[in-house]
Each structure stands twice: as structure tokens, then as C-alpha cells.
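Here the protein sequences come in this chain order: D and Y.
Okay, so the first sequence: first residue is 240 according to my numbering, each after it adds one.
Okay, so the second sequence: first residue is 239 according to my numbering, each after it adds one.
Simulated from the structure, these hints should not be mistaken for lab results.
Some hints could be false.
Under 7 Å between C-beta atoms, here's a sample of chain D residues computed to sit facing chain Y [stated by the list, open to error]:
#	residue
1	F260
2	Y307
3	P316
4	F325
5	L347
6	Q349
7	S352
8	A356
Derived pair list, reagent style BS3-like, types lysine-lysine, alpha-carbon separation capped at 27 Å [stated by the list, open to error]:
#	chain 1	residue 1	chain 2	residue 2
9	D	K351	D	K318
10	D	K318	D	K397
11	D	K411	D	K421
12	Y	K417	Y	K304
13	D	K397	D	K351
14	Y	K302	Y	K417
15	D	K318	Y	K337
16	Y	K337	Y	K475
17	D	K318	Y	K417
18	Y	K471	Y	K337
19	Y	K471	Y	K455
20	Y	K475	Y	K455
21	D	K397	Y	K417
22	D	K264	Y	K302
23	D	K351	Y	K417
Backbone N, C-alpha and C fix where the C-beta goes; we use that ideal spot for every residue, glycine too.
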Amino acid sequence: MPQDTDIAIDVQGAVKRYGTFTALKTISLSIRDNEFFTLLGPSGCGKTTLLRMIAGFEDVTEGAIYLYGDEIDALPPYKRPVNTVFQNYALFPHMNVLDNVGFGLEMLGQSKSETRARAGEALEMVQLSQFAARKPSQLSGGQQQRVALARALAPRPKVLLLDEPLSALDLKLRKAMQVELKHLQLETGITFIFVTHDQEEALTMSDRIAVMSSGELQQLGNAREIYEQPRNVFVADFIGDTNLMQVTVDAVADGRAECHLGGAHRLTCDAVGGIGAGAKVHMSLRPERLFLSADPVDANSLKGRVREMIYIGTDIATIVDLDGGPQFTVRSSNSSRGNARVFEPGTEVAINMEQGAARLLID
Amino acid sequence: MAKPYDLRRYPGFFAITLLCLVILYAPLVVVAVYSFNDSPSITIWEGFSLRWYVDVFTGPESGKFKDAAWNSFIIAITAATTATIIATLAATAVLRAGKFRLRTVSIGLISLPLMVPEIVTAVATLIFFNAIAFERGVMTILLAHIAFCIPFAYMPISARMQGIEATYEQAAMDLYATKRQAFRRILLPLMMPGIVSGFILAFIISLDDFIITNFVKGAGVETLPTAIFGAVKQGIKPNIMAISTLLLAVSIVMVALSWFIGRRDPAEER
Ligand SMILES: Nc1ncnc2c1ncn2[C@@H]1O[C@H](COP(=O)(O)OP(=O)(O)OP(=O)(O)O)[C@@H](O)[C@H]1O
Ligand SMILES: [Mg+2]
């Protein structure tokens, strides 16, 4: 049994089955004290299920969940010092904003004056003090969201659970709320467990990210690790854009693997334990780690022909066909200082890669 | 502006609507109008008067009607209250207790009485009371009314409850409310419009029930409908029209009340 007080939530071998369907397959992960932790994964992968198990709305089929060393998986929700920001906010429609925010404190047995004072403080924290007397239906979506946040934070939970709290907001408001959430987390020092299926949101906000797919934990790490060292094909594909292709490993020597991409195209990259000569595996190359030139710059350059140029604004994406091989997308920054040499469709180009751009992946 | 597929544009829409309204309401209108007739005849109009209303309250039959009205009122209030409480608990069990065995059966059993012909229920209830040798009187009427009011109270209550997402109660429990507190502080206030509608519906149903009441009432115990029926058997006098109009007025007021309360969303309250 863990006693480490640096660990806020410890999920040990948690399994969730609905009848014969297994929603979560033996998940183990530790969420550190004071951490902004994100559960990221596609729809239906079990993020909400895991969150609801921590909150106490679903029982744990197998395994255990600890909160600062205490096992909580058998406790009803109202005995867990954990609060949730629901996806649809679930603000009580018959109570005004202040009473909504004070509800948790009231249930904890705080005095009326104490409840009002602390609910008021929580409202101030989300800059909604002037709306205290309104009903939730008289607020905009963004304001309701902030009330839900204040309501969950007011009782000072040890851990705050947020289930896709920003998904109903428009892009601009969403960006603003991302900053505000991060700010609130630093200000309150409360551990946040944040659920999203938006990988960009996860990368920008989180201290650490758990990538999930079909009920399994795929990778756990900080944004840079997840993005730059994806552990498998799923993570590489799900996080960011990438050129994902099937390659055959021709030979492995001195920690380098020579890979055949199809046609006459070959390149070498760092070898990965467990992948030997003859293996058919996936390779991931991030488009922004590639650059184009008229002539090859080294032995790892690939020759191709520009098919299309896509103007994105901050970037320019160039799609290049390799004769008998895969298609590549190369992204370059749209700035005069950058390496954005523009190649018109039809021109012959060389695709060059930065050090370590090509990564072999286990499936 | 009427849309192309607007129902109102179908040929004969107004004619049919009018016909239905006339068939439904003409008798009521006739009764209401003739209750103000200054004549002992029920068919010949002789001018406006309130004499039959005075007759209802002070005439030779007024004592009988007062007793009957009092019985009806007490029974309706008690039966509606009891039925509403039972229906609220039943709706909570069926809609909030998750899946349990016989859940579908329970739902069926609750609403089945709506489909059983009333005369069958009446006979069955009478036989039941006879079988257990329960003396007939106000108590038998009350018990029977509670029983048949439950499904009527249940309908608006469960409809309302179905519209309340479970996340409200979950949010309450997440915020340290016990199940009981979540029910009292969150679910009950949100359900209130449905509960009030259910109560009013049950009240009206009890107030104007005749068939079952007539079967299970003891000798000498009358409710308003059975008293009216008894009076009508001795020939229709205009005072019957006056008392019927009063009863109609009570029903209309209650239905209107129920409609306004049902429409009021707690979220909109200030
Ligand atoms: N009560 C239930 N009974 C049966 N299966 C369920 C139940 N709740 C969830 N599931 C299944 O468990 C899986 C995980 O669901 P979950 O809600 O955790 O997904 P999610 O990752 O939150 O997805 P989303 O991003 O769409 O919210 C889904 O396949 C879902 O169909
Ligand atoms: Mg979800």
C-alpha cells in the first residue's frame, strides 16, 4: 500500500467491466500532488469512466484507488474530498449562482456566514461576483462554466476532476479558459485531473499526460516526451500530425537501422530494441522536422516531386510524392527567417531530415 | 405567416375543429347558461337570475348537498395527498433506483388501472371489501379513491422526473450531499411542478368520480356526484345545473392552476 504523500491519486490495476464489455483494462497510474494531469484519448476510450471511478460514481470492478495513501474506492462520492466539474456543468437550475457555489460548503456543515463568505471568494476567483444573484439559465455558456468551476473549487477539494469542461465553448473562449484554468491550478495548488480528446489542449496545459485508447494506457509522460518520443503507433498518430509509413528494416548495425521505404528509397535512423533486420514496422516523421531543398544535403535525403502546396498561415505545408514510395508532408514556417523555400508543384525536390526526425515504432 | 405544411391549411381544418369543439362543449355551455335561468323549467329561458344558486345553498336540499360536498372535498384532499406521496416514491424508485428485478412489471402495474374499465374496478373493489368484511362508509370510498388516483398522480410526476438529468443529483453527491440530502435539496424542488400537477389531477379525478364511489359507499354516505345522481333520479331541477356549474368551475380553476404550475420552470424562477 502506497504511503507516498507526493502521490495525490494512485490507481492500481483498475479494471472496469460493464457486463461482458471491458471499458478499462487494468489501468495503473500515479498522479502527483499539485499536478495538472490530463487524460487524453479518442471518444469511447474510457476517460470519463476512469474519472467517474475516482469521483465515486462508478464502482471499481477490480483493483484499487488511493487518495494520498488512503483507499477510497469503496467510499460513496460524498465521502471523497474530490470535486468534479461536469461536462454539461450540472448547475442546479433552481438555485442562484451564489447558492450553487456554496452548496458544497453547506453540505460540509459550514455556517451560513462562512458559506457565503467562501462562496463569494470562489466567485471572485472566477470574476463572476456581480452575477451572484442570477439563476444559471441567465448566464452565458462561458459564465456557467466558470460557475461550475467555482462551485467545485469552493470546498477546497484535494483533487479536482474536470471532464471535457471546455468542449462546449467556442475557440476563442476556449483558449481564454485554458489560460484561466492553468492559472487557477497554480493559484490554488489543487491537483487537477483534466479530461480532453483535444491533443493540442492537452499538450499546452498539462504537466503530464496519460494517452489512452480502447481502455488501455498507451503512454504517460510530459508533453515533450509524448510528442517527441511516442512509444507506439497509436500515440505517434494521435498526437500531432505525422508522416506515418510502413517500412522494412534491411539491416541493423552500430545502433542504426537501415530502412526501406519502397521503390528506391532508403534511409537510416536510430535502431530500437526489439526491431531487427527483416522486420516490417512503422516509422514516424514529424512534418516540421523535415525540410526541402533543390539538391540532397546528405545520404538520408529522399528525392521526390512536389504535388501540392498548402498555405496554412503560420506554416506552409508541401506534399511531396516519392516515386514508388510513400507520400510526405513537409511543414515549414512561413517566415522570411525560416527555411521556407517555396517549391511550386511539379518541381523535383529533396526531402531532408533533422537529426532524429525519423523514429521507428513498435505497433 | 403560415408555413406550407401548416396543419391549418388542410381543407376542412376549421370545420372539423369547430365540430369537435361544439360536440365537446355545447352541453356544458347549455348547462352553465341554464343554471342562471329564472324558471323552474330546464328548457324554457325566462331571464337571468341567481335563484338556483341561492337554492343550492339555502333550499330544501342544501343540507344534503353541503354534507356531500364536504365528504367529496375531504376525500379528494386526502386521497390526492396520499396518492401523490405514493406516486412520487414510486417514480423515484422506478426512475432513480437503477435496474432492479420486476422494474418493467412495476411500471406496468402502476399504469394498468388507467386501462381497466372503471366498472370492473368498481365491482372488484366492492367484492374485495365484502370479502374482508370491511364496513362500507367514508373509509371505503377513501381507500378506493387513493388506489385509483395513484396512476393519475404518477403520470405527470414521472414525466417530469424523466426530464431531470441524473447529473444534478450526482453533482450534489459530489458536493458532499448524502442521497437523502440530494433528493430533498435537488430532486424534489426540480420535481415540484410535476408533483403539483399530479396532485391536482388526482384531486379532480377523485372529486368527480361516480362509478366506483357509488359501489363502495355505505348507505347514507354521499359524495357530490352520487348526491347529484340521486337528485337527478327524482327529476332534473335547475338547481342541479347550478351545482354542476359550480363543480365545473372548480375543475376549470384546478386545471388552469395545474397548467400554469406545470409550465413554470424552476430554472426561470427569480
Ligand atoms: N453504463 C455503461 N454501460 C455499458 N457500457 C458503458 C457504460 N458507460 C460507458 N460504457 C462504455 O465504456 C466505454 C468508455 O466510455 P467513456 O464514457 O469512459 O468514454 P470516453 O473516453 O469518456 O469518451 P468521450 O470522449 O466520448 O466522452 C465506451 O465504449 C462506452 O460505450
Ligand atoms: Mg467522456
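Here is what the structure says about each hint:
1. F260: Check failed: Cβ of F260/D comes no nearer than 16 Å to chain Y, outside 7 Å.
2. Y307: violated, 18 Å
3. P316: This interface hint holds because 4 Å falls under the 7 Å limit.
4. F325: holds, 6 Å
5. L347: holds, 5 Å
6. Q349: violated, 10 Å
7. S352: Because about 19 Å separates S352/D from the closest Cβ in chain Y, which is outside the 7 Å limit, the hint is violated.
8. A356: violated, 17 Å
9. K351/D <-> K318/D: With a Cα-Cα distance of about 21 Å, the restraint between K351/D and K318/D holds, given a limit of 27 Å.
10. K318/D <-> K397/D: With a Cα-Cα distance of about 12 Å, the restraint between K318/D and K397/D holds, given a limit of 27 Å.
11. K411/D <-> K421/D: With a Cα-Cα distance of about 16 Å, the restraint between K411/D and K421/D holds, given a limit of 27 Å.
12. K417/Y <-> K304/Y: violated, 46 Å
13. K397/D <-> K351/D: holds, 23 Å
14. K302/Y <-> K417/Y: With Cα atoms ~50 Å apart, K302/Y and K417/Y exceed 27 Å; violated.
15. K318/D <-> K337/Y: Cα-Cα ~24 Å, so holds.
16. K337/Y <-> K475/Y: violated, 57 Å
17. K318/D <-> K417/Y: Since the Cα atoms of K318/D and K417/Y sit roughly 12 Å apart, the hinted pair holds (cutoff 27 Å).
18. K471/Y <-> K337/Y: Judged against 27 Å, a Cα distance of about 53 Å means the pair is violated.
19. K471/Y <-> K455/Y: Holds - the C-alpha atoms of K455/Y and K471/Y are around 18 Å apart, at most 27 Å.
20. K475/Y <-> K455/Y: Status holds; Cα separation ~25 Å.
21. K397/D <-> K417/Y: Holds, because 22 Å separates the two Cα atoms, which is no more than 27 Å.
22. K264/D <-> K302/Y: violated, 75 Å
23. K351/D <-> K417/Y: holds, 22 Å
The structure fails to meet hints 1, 2, 6, 7, 8, 12, 14, 16, 18, 22 from the earlier list, while all remaining hints are met.
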